[in-house]
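Asker: Sequence:
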Amino acid sequence: MTIKQGRYGDVDLAGLNAAIFLHCTGNMADGDWITVLYVDDRTTPEQDKAIQAIFSGEDGGPWETMSQFYRDGKYQSVVRVPLEVTIDGRTRTITAPDRLFLEMQSLRGGEDRQGVVTINNLRNVIHGNEHVLGLSNFKVDDETMTWEYQGKHGLYSEFNWSGS
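Numbering-wise (UniProt numbering), the sequence shown opens with residue 1 and increments by one.
What the hints contain is simulated information worked out from the structure, not anything from laboratory work.
Computed from a predicted structure; not experimentally measured.
Virtual Cβ for every residue (Gly too), placed ideally from N, Cα, C.
Here are the computed distance ranges between Cβ atoms for each label pair:
(1) V11 / R113: 40 to 50 Å
(2) A53 / R90: 29 to 39 Å
(3) M28 / L133: 16 to 26 Å
(4) G110 / A53: 32 to 42 Å
(5) F159 / F69: 14 to 24 Å
(6) M145 / P62: 18 to 28 Å
(7) R113 / D72: 39 to 49 Å
(8) G26 / G89: 34 to 44 Å
(9) F69 / D112: 38 to 48 Å
Could you put together the complete structure from these sequences and hints?
Answerer: As structure tokens, then:
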């Protein structure tokens, strides 16, 4: 994800990237998710701490709900890497050299097939109201997890998280 604008307390997060990967070895509801957080290597120590706090759920928000499923209630690892997020038409990519490649191409929709396929009635604590559907190619290879999927389900949305 790219943080277009945002703050965590007094810490400005605008323009930074982060990616969290959750690998569920069994039924998602059973928990024990292997969780890896990739943090933009451009972060200051304060920004790094803020991003980790947000995705850990320690200050509430949607990740407080999600983090209860993390193995041992925490990340398996946090990795600072150069993260590149690219949007090119219907294709979105996230890359971290030698560790991560995620590419998603949105499905064509509408009468003229120039739009995108969306779902607007999912209840999801993380994503926004409209989900754009697509196919994804995905590879993670680091000391915590290694897996690869081709042509699988993908979705993205714009969202607004806020707290007090």
